[in-house]
Amino acid sequence: MSKLFVALALSSLFVAYQARADVDLPGVALFTTGGTIQSKGAHRQKLMEYSDGRVTPQELLDDLPELQGIAKIDVTEISNIGSGGMNTALQLKLAKAINAALAKPGVTGAVVTHGTATLEETAYFLNLVVKSDKPVVLVGAMRPFTAVSRDGPFNLYNAVRVATSPQAKGMGVLIMLNDEINAARDTTKSNTYRMETFVARDLGPLGYADSDRIVFYRRPLYRHTTKSEFDVGALDDLPRVDVTYAYQESDGVAIDAFVAAGARGVVLTGSNADAVKKGQTKGVVFVQSDRKGAGRVVESARQMERGIVTSDNLPPQKARVLLRLALTRTTDLKEIQRMFNEY
Amino acid sequence: MSIERRAVSNERRAVSRKQWLRICSVACLLAGPAAVAQEIPTYAPPPAMPADMAKLPHVVLMSMGGTIASRGDTRLNITNYGGKGAPRVDPQHWVTDLPELKGIASITLEDQRAPQDRPTGSETHEDFARVAKRLNELAADPGVDGIVVTHGTNTMAETAYYMSLVVKTDKPVVFVGSQRPWTGLSGDGPRNLYDAVRVAASKEARGKGVLHCMDQFINTARDVDKTSAYRVDTFKGVDVGAIGFADPDKVVFYREPVRRHTSGSEFAGKDFQSLPAVEVAFAYRDAPGYLIDAMVEHGVKGIVVEGTGAGSPTGSETEAIKRAQEKGVVVVATARTNSGRVQDTPRRREAKIVPGDNLVPEKARILLQLALTQTSDLAEIQRIFTEY
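For the protein sequence lines, the chains are A and B, in the order given. Take 1 as the starting number for the first sequence in this note's numbering and just add one per residue. Take 344 as the starting number for the second sequence in this note's numbering and just add one per residue.
I should point out that these hints are in silico values taken from the structure, not numbers from a laboratory. Mixed in with the good hints there might be a few duds.
Stated by the list, open to error - Derived DSS-like pairs (lysine-lysine); straight-line CA-CA distance at most 25 angstroms:
id: 1; chain 1: A; residue 1: 227; chain 2: A; residue 2: 104
id: 2; chain 1: A; residue 1: 292; chain 2: B; residue 2: 593
id: 3; chain 1: A; residue 1: 227; chain 2: B; residue 2: 546
id: 4; chain 1: B; residue 1: 546; chain 2: A; residue 2: 334
id: 5; chain 1: A; residue 1: 169; chain 2: A; residue 2: 72
id: 6; chain 1: B; residue 1: 593; chain 2: A; residue 2: 334
id: 7; chain 1: B; residue 1: 546; chain 2: B; residue 2: 476
id: 8; chain 1: B; residue 1: 593; chain 2: A; residue 2: 227
id: 9; chain 1: B; residue 1: 593; chain 2: B; residue 2: 445
Chain A extracted, bound-state conformation (with noise of 0.2 angstroms):
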């Protein structure tokens, strides 16, 4: 008991100190979506089914007073939804906010709250369109703002320095949930409950949000934000471009409906010679990846000579973020394969 009070009293005095440090606080641009941090549940101990209202922008920072002492923030709301319905127009509407934010001298880096389920996806999409070396940091939580121990509040609070730190600028869109920084490309969801749920499998995080300092290990070799080619400021919409799941005996119809809905591209996971062949003839662009979870595909000699792009290490979701920004510069399948190469 008297340990936890003193750890009370240590930490309050830590967040005292902070607050008096006011002057030229860092400016941070917050941008909200929704999801499980912006979640009520009926009562403290529901971790799932929590629909039992929104947290509004305004409520997240009346909850997190701490936060004035780290940052002058700037909050925009893009929606307040599950991550499940984050769709090519509210990403697009995002990634075009980010880059006004980012382009005013006085904001030091972006914070966006996501659901978790796919926010490896709009990570991943805002690592290759934001045309800013500032940090851009998206935050998330497992369990609701209304849960007895949510990780909520301490995600956004390491998110804001995350985004304020020098040392993070330069290293593309992060990821920041358990007190890990993740690399928006490498991070995937691992589980589905657990607090511990995001995870750079095989390549691990770049580094940790600690008490005592933001520390980094290392820093991402493929292709980001400034040294992407790729720019959505005149779109409106993104190819259509799905994926095929790849099972014993799953067989080509997936692929054939997908070409007939008229998607543009096909990441696959297993393979169907004959739908591939079929889609080819219409132009569609196919890219390997696997549904493994870890490992790359490797270039082959026999993928070039089906036509077939390879993803690297991108698990499918990713590969077909790629793919549709790729299908906005070009068809040429050497071209698109650079880019699996290089992004």
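Take the given structure of chain A and dock chain B to it, following the hints.
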């Protein structure tokens, strides 16, 4: 053969010839004809030689021994191999068994093994210093593009980390070993060795510090750790993962390390003939302080505490740490959790204990030894632990 083709200094040649004579005579005495690695299929046709051999990168393949340089009496012997009386795998045998190496690099062999009669796991600082000096020489040789060092897996991460701090170079230096002996069924050694040479020969590996390549993962010397006694996927970049892969189509990097190393290290290029004594004190329930007192009596200049949880010593150890500090001993805290950082907290500052960041104790020991060669100022040592 490409071994002698490269321009090397006369002195180097003389040394390596002398070593060769020694190796050959030892091998002949002990082994008779050397057994061929049994898991490498011999029916595969040799790879096509590149048209212009001169354009191949020049990789020095240095043996510090290890399981990868060991033989067992049968193919199924993957635990009780090597040792006195068992012939070792000489560097030349790797090249003979893996003719594919000639397709990816021009290889120069170098033997830096400890004498065979010395028991395993007994590398000394003498070995460290000798190899570090040699790596610095090789790195400075404009004819050398990359270096591969084989090593026993038990302490390979320590040696690699030391080299990443003291070798002044941007050239790839790649540590490699195997979990199964060269003669083991489904041995991992041949593929690991082939991949390590590919990484050392790759332009992409330049400037990324001392690397480690086994099981097709490329890890950094600072963060790699052996995590399993026998599995072939034993080496992990603890917390922060691998930085790339040696895949069949290419060597590919996704990350570069941010912490200072090799050409960016303030210790690089120096010849440390000896290092200040630093020992590690392990914390467990009721761990006594008298072990720390004994370290101080033996004249240590630094102590790394491998603390419980977030890096805490026991009460008895804490008292002993205070006694040690009164005698000028520098204390660094690491965590026995083998993952996560020991943080810079007000309480730890008050106790004058330097947080070891996320270094494992055996690596914190190496960094503290090097730090103590130039300072005993706590703020300066704290800086070093923050930057490396």
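Are any of the numbered hints broken by this structure? If so, which, sorted upward?
Result: no hint breaks.
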